[in-house]
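**Student:** The residues making up each chain are set out below.
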Amino acid sequence: MIRYPLVIVSWLLLVASAWAQGIECPDPRLAADLPKEIRAWFRNPDGSCVQCSIGMCGVDQNVPAAATLLWDTEYGPGERGGSGPSRVAGYCDRRGIRAFNVTGQDTWDWMKWAAETGRGAAIGAGSAHFQTLMGYDRQSGTWYVCNNNSPSRIDEYDEAAFRRLHLASGQWVVILDYPPHPARPRYYRWW
Amino acid sequence: MRALPLSLMILTTMPPLALAQTTPPEVDQAEVMRLGDLVQRLGENVRSSSDDAFVAAMGPPESDADKWFISVLSMKACDGCAKLKEDWATNPWLLALADPSDPKRSWSHYTVYDKDDRSQAFRFDNIRVTAYPTILVQPPRSKRYGEPATVVYQGVYGGDPEKQARAITGAIRQYVSKLPEPPAPSSQGGTRRSSSDPPWQPAPRVDPRQPQSPKTPFPAIDPTIPPVPDVPVPTFPWSSVLTLMAAGFSLPAAVALVVWAVSFIRARRQAAGKPPIVDQKSLDQVLELLKRLAESQANPPSSGV
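So the protein lines, in turn, are chains A and D.
Anchor point for the first sequence: position 44 equals 50 in the working numbering, and the numbering is continuous, going up by one each time.
Anchor point for the second sequence: position 300 equals 571 in the working numbering, and the numbering is continuous, going up by one each time.
Derived from the structure by calculation, the hints contain no laboratory data.
Don't take each hint at face value.
[Stated by the list, open to error] Below, a list of computed lysine-lysine pairs in the BS3-like style, where the Cα atoms sit at most 30 Å apart:
{"no.": "1", "chain 1": "A", "residue 1": "Lys42", "chain 2": "D", "residue 2": "Lys449"}
{"no.": "2", "chain 1": "D", "residue 1": "Lys356", "chain 2": "D", "residue 2": "Lys386"}
{"no.": "3", "chain 1": "D", "residue 1": "Lys414", "chain 2": "D", "residue 2": "Lys347"}
{"no.": "4", "chain 1": "D", "residue 1": "Lys386", "chain 2": "D", "residue 2": "Lys414"}
{"no.": "5", "chain 1": "A", "residue 1": "Lys42", "chain 2": "D", "residue 2": "Lys386"}
{"no.": "6", "chain 1": "D", "residue 1": "Lys375", "chain 2": "D", "residue 2": "Lys414"}
{"no.": "7", "chain 1": "A", "residue 1": "Lys118", "chain 2": "A", "residue 2": "Lys42"}
{"no.": "8", "chain 1": "D", "residue 1": "Lys354", "chain 2": "D", "residue 2": "Lys386"}
{"no.": "9", "chain 1": "A", "residue 1": "Lys118", "chain 2": "D", "residue 2": "Lys347"}
{"no.": "10", "chain 1": "A", "residue 1": "Lys42", "chain 2": "D", "residue 2": "Lys414"}
{"no.": "11", "chain 1": "D", "residue 1": "Lys434", "chain 2": "D", "residue 2": "Lys356"}
{"no.": "12", "chain 1": "D", "residue 1": "Lys375", "chain 2": "D", "residue 2": "Lys356"}
{"no.": "13", "chain 1": "D", "residue 1": "Lys375", "chain 2": "D", "residue 2": "Lys434"}
{"no.": "14", "chain 1": "A", "residue 1": "Lys118", "chain 2": "D", "residue 2": "Lys552"}
{"no.": "15", "chain 1": "D", "residue 1": "Lys347", "chain 2": "D", "residue 2": "Lys386"}
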């Protein structure tokens with residue numbers, strides 16, 4: 007009888023250690039740089055996964071009009087609920103947000119472009135769901151994705167798993183057309 | 272009795288069905304499929320009436336990972352910050368480094384951060400910013416010019432665009448010359464409105480100007496990187512003092528003391544960022560005159576007898 011609690015505790019410890027070893031910002035493998043405290047602001051409240059994902063990219067690229075999509079601010083009224091490309095086009099135009107609204111077979115190239123130039127991307131990921139692409143490591147073929155239903159962690163996918171994930175929602179990505187963020191500046195005595 | 276399980280089955284399956292009919296999907300997958308291969312460029316006010324215009328632009332843009340980063344750290348109600356933004360939008364010296372209105376043609380990635388924007392504060396935890404507007408310059412993300420986090424230049428805008436641009440380019444030139452290896456070539460439909468506040472105060476859409484301008488909009492403290500070499504403070508002429516004490520009044524020793532006092536005051540004023548009392552040319556002339564006077568006293572001309 008004593009064995010069962012021990013097994014459960016060991017299993018919990020294993021899960022906790024695996025969780026703790028997950029990738030976290032800032033990391034050179036990640037394009038987006040968003041601490042988990044800020045990602046938590048974008049936990050999906052009510053089926054607004056597209057706006058949550060774009061909002062994270064808005065913070066990452068310092069675009070307040072995109073970062074505040076979920077809420078009523080001077081940039082515009084809060085946008086809640088489900089979205090398609092035409093709705094995204096509508097509120098981006100109203101708020102003056104420059105973005106690439108990409109559908110179809112070229113989304114793979116766009117996602118790689120975003121990650122390799124230091125930008126995040128709001129992407130279709132999972133059945134009728136949107137998540138935030140945080141990075142892509144071409145060498146290991148690993149994709150890093152933050153789900154707005156569990157924003158405290160960054161999930162890792164290999165090429166095949168990521169392909170399934172993206173196709174499950176339909177090929178659609180939204181990438182903000184703004185400069186990427188700089189690396190967190192540090193002083194190195196180079197002079 | 273046979274109808275009871277059937278009724279239960281119908282009752283348990285009905286609510287999800289009803290919910291599925293009333294709740295719209297989070298992602299409109301049908302629209303994604305209808306659109307097919309399409310790239311829309313939003314928010315540029317140059318929308319094409321035909322999708323054919325976008326055919327050439329189906330692929331992603333060129334990589335801009337080789338661009339340098341110029342970040343301006345500003346604050347609200349700061350005239351110096353507003354002046355810098357205005358200058359950066361119009362002055363050719365600054366536009367040559369970054370074009371805020373045309374990010375694609377801009378030489379660098381230019382971003383303005385508000386010091387009170389909580390969503391961005393974490394980026395600057397590792398550096399010391401004492402005055403605004405502060406300008407930071409960092410190498411590209413591609414690592415072509417070393418570690419992208421390196422602060423290549425940090426300075427506070429003093430109101431002179433040309434001087435500012437020269438300071439930035441000078442720092443970049445100096446930084447690149449010190450790299451261990453030369454860089455390689457290189458519609459509201461279906462909208463549900465909410466009335467909630469964001470969890471942080473976003474940067475304002477329009478920067479409010481300070482109603483009462485301070486005497487000068489530019490701060491005196493300038494934590495410049497790379498640091499400007501300190502102005503050397505002349506050493507105290509102890510030998511002259513000893514001479515005066517031991518041998519009584521001597522013009523060369525007195526001149527040496529005067530020269531030291533003038534140089535000392537000048538160095539202190541320069542270190543404090545104050546303008547010198549007399550310009551360098553005039554000072555050099557006076558010092559030369561004193562030097563000649565002291566030399567003539569020390570070596571009196573021979574009588575020729």
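**Student:** All hints, please: hold or fail.
**Tutor:** Here is how each hint holds up against the structure:
1. Lys42(A) to Lys449(D): violated (36 Å)
2. Lys356(D) to Lys386(D): Holds, at about 15 Å.
3. Lys414(D) to Lys347(D): Violated, because 33 Å separates the two Cα atoms, which is more than 30 Å.
4. Lys386(D) to Lys414(D): holds (27 Å)
5. Lys42(A) to Lys386(D): holds (20 Å)
6. Lys375(D) to Lys414(D): Within the cut-off at roughly 20 Å; holds.
7. Lys118(A) to Lys42(A): holds (23 Å)
8. Lys354(D) to Lys386(D): holds (17 Å)
9. Lys118(A) to Lys347(D): Since the Cα atoms of lysine 118(A) and lysine 347(D) sit roughly 37 Å apart, the hinted pair is violated (cutoff 30 Å).
10. Lys42(A) to Lys414(D): Distance of about 26 Å is within 30 Å: holds.
11. Lys434(D) to Lys356(D): OK: lysine 434(D) and lysine 356(D) at ~16 Å, within 30 Å.
12. Lys375(D) to Lys356(D): holds (18 Å)
13. Lys375(D) to Lys434(D): holds (25 Å)
14. Lys118(A) to Lys552(D): violated (60 Å)
15. Lys347(D) to Lys386(D): With a Cα-Cα distance of about 8 Å, the restraint between lysine 347(D) and lysine 386(D) holds, given a limit of 30 Å.
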